[in-house]
Amino acid sequence: MTATAALVIGIIALSIAVIALGVAVVGYRELRASRATPAMRAPRTTVAPSPAHDAAPPAPEGPAAFVINPVKVADVDALESYARLTAHELGLPEPLIYRTTVEDPGVGQAQAAMAAGASVVVVAGGDGTVRAVAEALAGSIVPMALIPSGTGNLLARNLDIPVDNLQQQVRTALSGRDMAMDLGWLRTVPPPREPDDADEAPDVDLTGTPAPPREHVFLVMAGLGFDAAMVAGADDELKRRVGWVAYFIVGVRHLHARRTRLALRLGTGDWHQQRVRTLLFANCGRLPAGIVLLPDAEIDDGYLDVAAIDTRGGLIGWASLLGRVMLQGLGWRSRNAYNPSRIEFWRAREIAVRLDEPHAVQVDGDLVGDAIALKVRVQPDGLRVRVRR
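If you want this note's numbering, it's the 1-based position in the sequence shown plus 22.
Since the hints were made in silico from the structure, they are not lab data.
Each residue gets a CB set at the ideal place from its N, CA and C atoms; glycine is no exception.
Watch out, some of these pointers could steer you wrong.
Here are the simulated distance ranges between beta carbons [said to hold, decoys possible]:
1. 214 with 110: 55 to 63 Å
2. 352 with 115: 20 to 28 Å
3. 322 with 237: 15 to 23 Å
4. 334 with 392: 36 to 44 Å
5. 126 with 394: 24 to 32 Å
6. 137 with 294: 50 to 58 Å
7. 190 with 214: 23 to 31 Å
8. 186 with 379: 52 to 60 Å
9. 215 with 293: 37 to 45 Å
10. 211 with 352: 22 to 30 Å
11. 314 with 235: 28 to 36 Å
12. 107 with 209: 55 to 63 Å
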C-alpha cells in the first residue's frame, strides 16, 4: 500500500470516526435517559424452543493429537516441543503430530487422529484449518482444541481463548474442560453455467450423476454482500502485514458498492424482500477489537442469528452504522425510523435466501464461490470444544 493510499484511507477512517462519535454521543444520551425503564430487546423471529443440552459421553482416553498448519504457525518445531513437554508435565501420553498439506487442509489428519484413538484434536492454524478439522469432528465425541495462529481467530476470541499466549493455549488444549457448541452449515446454489463453460464437465459421482452441492461448515459467521467483498479483497500479504485490520482497509474500497437485493425465508415462514449491504448468518457475535456485531448470538443455543445490515447516505450512513454497533455493545439499540443505517435481527434453525443476481459468499473468512441462492442450517451441539476451566 502506497503512502498516498494510506493517507486517503486514514482521512476516510478519521471522517467516519468523527461522525460515528457524534452518533454515539446522541445515542448514549438516549441510553441514559432510557435507564429508568427496562431495556427493550430487538424483536426476533424464533422458530422453535431451544433444544435441551444432554450430557455428552466422555472422550477417548488416548493421546492428544496436534493438527498443525505449517504455513500459519510461525515456529512449528517450538510448538511441537512445547506440546510434548506440557503433556509430560501433566502425566499424559506422548502427543500425536500431524501437519496439513495443500491437498489436505486438515480433514484427513483429523480423521487419522480419531482412528488412532485421540482424546482431543488440537488444531493450530487459521480459521480455514479450524473449519477443516471441525468438519471431520462434527457429530463425534472427540473434542477440538485451538492454538489460534491466523488473522481473525474469531472462534478463539468468542471462546475466550488467549490468541497471543502459547503456553496458556497448549495447557488449555491438554487440560481444559469440554463444552458443546453449535455448527452452521451452508449450501450454495451456483448461478447457471455460461455457454463458454459448456465444455467443462460438472462434478459427477461414479454413476455419472452430477454430484449434489457441497455443504460448507462454519463455526463463527457466514455472509454475502459487503462482508464477502472484504474477504475477497484482503489478500494474504496484506493480512500478514497488518493482521485483521486488513479487512477494514479493504472495506473502505467497497463503501459505495451497490446494495444487494434478495428474498429471505426463516424456517417454513414467508419470503421477505430485503435490500441490504450485507447479510450475515452467525453462530457467534464478537469481532476483533472488542466489537460486538450480534449481541444476542450464543454459541450453544441451538440457533443461528441472522442480521440484515443496510446503510444510506454515503459516509453518513456508514458512520451511523458504526455508532449503532458501538452502542448495541452497551445494550442500546436505536429504533429511529429516520436513521440512515439499519440492523435487523432474527433467529432461526434454517434459512433460505434467493438473490436477484449472483454474489460471492464467505464462511469463516473463506470464499466458497458465487451463488444465486443459499440454504443455511444449524447443527445443535454439533461439536465439542475445549475451553479454559
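A quick look at each hint next to the structure:
1. 214 with 110: 55 to 63 Å: holds (58 Å)
2. 352 with 115: 20 to 28 Å: 47 Å Cβ-Cβ, so the 20 to 28 Å window is violated.
3. 322 with 237: 15 to 23 Å: holds (21 Å)
4. 334 with 392: 36 to 44 Å: At 26 Å between Cβs, range violated.
5. 126 with 394: 24 to 32 Å: About 30 Å separates the Cβ atoms of residue 126 and residue 394, which means 24 to 32 Å holds.
6. 137 with 294: 50 to 58 Å: Cβ of residue 137 to Cβ of residue 294: about 46 Å, so the range 50 to 58 Å is violated.
7. 190 with 214: 23 to 31 Å: violated (50 Å)
8. 186 with 379: 52 to 60 Å: Given about 41 Å between the Cβ atoms, the range is violated.
9. 215 with 293: 37 to 45 Å: With Cβ atoms ~26 Å apart, the hint is violated.
10. 211 with 352: 22 to 30 Å: violated (39 Å)
11. 314 with 235: 28 to 36 Å: With Cβ atoms ~33 Å apart, the hint holds.
12. 107 with 209: 55 to 63 Å: Once the Cβ atoms are compared, 43 Å apart, the range 55 to 63 Å for residue 209 and residue 107 is violated.
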